[in-house]
Amino acid sequence: MFDLDTIRKDFPVLQQKVHGKPLVYFDNGATTQKPRQVAQAINDYYEKKNSSIHRGVHFLSSQATIEYENARETVRNYISARDKAEVIFTSGATGSLNLLAFSFGEKFVKEGDEIIVTEMEHHANIVPWQLLCSRKKAILKVIPFNDTGDLEIEKLDELITEKTRLVSVIHTSNVLGTINPVEKIIEKAHNKNIPVCIDAAQSIQHMPIDVQKLDCDFLVFSAHKAYGPTGIGVFYGKEEYLKQLPPYQGGGDMVDKVSFETTTFNQLPFKFEAGTTNYIGAVGMAEGLKYIQSIGLNNIAKQEYELLTYAKRKFEAIGGITIYGNSATKTSILSFLIDGVHPLDAGMVFDKLGIAVRTGTHCAQPIMQHFGVDGMIRASLSFYNTKEEIDYLCRGIEQVKMMFT
Amino acid sequence: MSEITDIEQEIVEEFEIFDDWMDRYNYLIEISKDLPIIESEYKTNEYIIQGCQSKVWVNADYKDGKVIYTADSDAIITKGIITLLIRVLSERTPKEIIDADLGFIDKIGLRENLSPTRANGLLAMIKQMKLYAIAYKAKHGAN
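In order, the protein sequences belong to chains A and B. Okay, so the first sequence: first residue is 3 according to the numbering used here, each after it adds one. Okay, so the second sequence: first residue is 719 according to the numbering used here, each after it adds one.
Derived by calculation from the structure, the hints in this document are not laboratory data. Don't take each hint at face value.
Unchecked claim - Each computed BS3-like pair below joins lysine-lysine, with the alpha-carbon atoms no more than 27 Å apart:
| id | chain 1 | residue 1 | chain 2 | residue 2 |
| --- | --- | --- | --- | --- |
| 1 | A | Lys354 | B | Lys751 |
| 2 | A | Lys23 | B | Lys825 |
| 3 | A | Lys403 | B | Lys751 |
| 4 | A | Lys240 | A | Lys23 |
| 5 | A | Lys139 | A | Lys157 |
| 6 | A | Lys292 | A | Lys23 |
| 7 | B | Lys773 | A | Lys354 |
| 8 | A | Lys354 | B | Lys825 |
| 9 | B | Lys773 | A | Lys403 |
| 10 | A | Lys50 | A | Lys292 |
| 11 | A | Lys138 | A | Lys245 |
| 12 | B | Lys813 | B | Lys857 |
| 13 | A | Lys19 | B | Lys825 |
| 14 | B | Lys773 | B | Lys845 |
| 15 | A | Lys11 | A | Lys109 |
Unchecked claim - Selected chain A positions facing chain B (in silico; Cβ < 8 Å):
| id | residue |
| --- | --- |
| 16 | Asp347 |
| 17 | Met350 |
| 18 | Lys354 |
No experiment lies behind these values; they were computed from the predicted model shown. Quick reminder that beta carbons are idealized off the backbone N, C-alpha and C, glycines included.
With these hints in hand, go ahead and build the complete structure from the sequences.
Here it is in structure tokens:
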């Protein structure tokens with residue numbers, strides 16, 4: 003069922019050597035590699051099907067439109083949305099959050115209102131809200147996390163006031179790996195009639211998500227972290243909200259009638275898809291999601307959990323490593339520091355050993371501030387990684403320790 | 719004292735001995751211990767160089783017509799790199815520093831070894847060192 007050798011053959015990029023060493027790719031949190039099925043779908047599109055969607059009456063255009071709308075249906079099915087019209091294609095999770103912050107802000111946020119995020123957000127779920135807050139003189143409030151890396155969600159009760167307009171939380175931390183109890187957060191917020199947005203950029207590729215069961219009001223993610231291409235992502239919203247939100251960007255395709263006096267807008271989902279969309283990206287994205295489904299999210303979760311536990315055990319055996327994010331519920335992300343070694347020094351040595359890890363602040367500076375560090379090393383694992391690769395990283399850590407301490 | 723270009727040539731020859739970057743890193747780690755460390759009072763945000771993933775502080779004094787650099791970094795390989803720069807540029811006249819083209823950085827492959835953002839950090843370091851020289855030249859009308 004889960005055959006690693008077969009799976010790895012789907013990822014040509016993993017077969018190469020860098021600096022003369024076999025590539026060990028542990029930067030999946032930044033972006034995953036793409037299976038050849040995705041590259042093939044994109045290539046096929048350019049070679050045989052390319053045409054702008056929703057406009058032409060000619061054969062290619064209508065074929066392209068059908069494929070684009072099929073991709074939307076694949077996404078709908080993947081997240082179990084009620085209706086295809088609730089799935090908006092954007093440039094990615096960041097684009098989606100900016101859309102939401104703008105359109106939701108225009109409609110529902112006024113001076114003195116409050117938006118709640120968490121202390122472990124990616125900058126993409128902080129800065130758009132700060133921009134909104136400065137535009138509207140609104141206030142950004144923060145749910146803190148403890149040193150284990152778990153949200154102190156009991157504090158949400160006191161953070162929510164009659165001024166709260168939206169809660170926007172990261173589902174799975176890109177640094178700590180924590181899978182946040184979003185069901186509880188949604189329940190608490192909904193009890194006060196406050197909508198909730200889930201940033202699923204780091205969860206959509208690791209675990210099954212059913213937006214109807216979850217009952218989140220908005221959900222965002224990027225394709226490129228889910229084995230698909232860059233520059234495409236999803237903004238999901240409940241229809242009742244999407245209908246009320248004003249458009250984010252204006253342009254072609256999002257309109258109904260245009261004159262210099264007045265313009266009326268197209269129906270959902272097109273109201274939020276101005277201009278020629280990344281239709282080829284959408285098709286690639288759908289292919290990536292189908293690839294995930296072909297392996298099975300439960301198989302993926304199981305394999306990645308095994309890798310995570312294996313890596314944690316090996317790290318403990320080496321000693322002198324501090325892991326940041328030790329929640330009982332976490333995905334296969336290991337952020338760590340080797341005692342007495344600057345992450346950049348370690349990262350530079352890992353690179354020469356053929357190991358790709360991320361070093362720095364991981365677009366989540368508040369987390370660095372929480373732990374009082376300038377940066378961390380992050381190994382983010384995917385189902386296509388192996389225990390041998392983890393062993394190799396551990397030997398790399400031993401070598402780093404020898405060189406720098 | 720030898721010319722700047724002589725020191726640069728020396729460094730290029732030292733680097734030629736090494737087969738790979740792991741050895742070069744070990745060498746940079748070794749020489750990082752020779753870095754003339756900046757006084758702790760200058761290890762402030764004012765003296766920090768922007769554009770580096772690691773923190774780098776550089777200060778320059780002026781004595782007998784020459785610029786003397788001190789520096790520090792929280793990352794050791796970075797420290798080794800500054801040690802190289804100081805070995806080439808410190809205790810030189812402002813004019814020598816301003817005119818130095820520092821071709822050794824490309825010759826030893828340092829720039830291409832760094833990612834573009836980190837290469838910018840290296841350039842920022844050099845720029846800051848040259849700015850000190852320019853400032854002292856202006857202040858003392860020195861050569």
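Results for each hint:
Between Lys354/A and Lys751/B, the direct Cα distance comes to roughly 22 Å. Compliance with the 27 Å bound is thereby established for this hinted pair. For a cut-off of 27 Å, the pair hint linking Lys23/A to Lys825/B stands: about 24 Å separates their Cα positions. Proximity of Lys403/A to Lys751/B is assessed by CA-CA distance (about 17 Å); at most 27 Å being required, the pair is judged to hold. A hinted pair counts as satisfied when its Cα atoms are at most 27 Å apart, and Lys240/A with Lys23/A does not qualify at roughly 48 Å.
Between Lys139/A and Lys157/A the CA atoms are separated by roughly 24 Å; this keeps the pair inside 27 Å, and the hint holds. About 32 Å separates the Cα atoms of Lys292/A and Lys23/A, which puts this hinted pair outside 27 Å; it is violated. Distance check on the hinted pair: Lys773/B and Lys354/A sit about 22 Å apart at the alpha-carbon level, within 27 Å; holds. A distance of roughly 19 Å separates the Cα atoms of Lys354/A and Lys825/B; the hinted pair therefore holds under the 27 Å criterion.
Restraint check for Lys773/B and Lys403/A: satisfied, since their Cα atoms lie roughly 21 Å apart, inside the 27 Å limit. In summary, the hint linking Lys50/A to Lys292/A is supported, as the alpha carbons are separated by about 21 Å, within the 27 Å threshold. At roughly 22 Å between alpha-carbon atoms, Lys138/A and Lys245/A fall within 27 Å of each other, so this suggested pair holds. Pair hint Lys813/B plus Lys857/B holds up; C-alpha atoms about 13 Å apart against a cutoff of 27 Å.
For the suggested pair Lys19/A and Lys825/B, the alpha carbons sit about 25 Å apart, so the restraint of at most 27 Å is met. Under the criterion of a C-alpha separation no larger than 27 Å, the hint pairing Lys773/B with Lys845/B is consistent with the structure, at around 16 Å. Restraint check for Lys11/A and Lys109/A: the C-alpha separation of about 49 Å exceeds 27 Å, so the hint is violated. Of the supplied interface hints, the one on Asp347/A holds, with its beta-carbon coming within about 5 Å of a beta-carbon of chain B, less than 8 Å.
The interface hint given for Met350/A holds, since its Cβ lies 6 Å from the closest Cβ of chain B, which is under the 8 Å cut-off. With its C-beta approaching chain B no nearer than about 5 Å, Lys354/A sits inside the 8 Å limit, and its interface hint holds.
Going down the numbered hints, you'll see the structure goes against 4, 6, 15, while the others check out.
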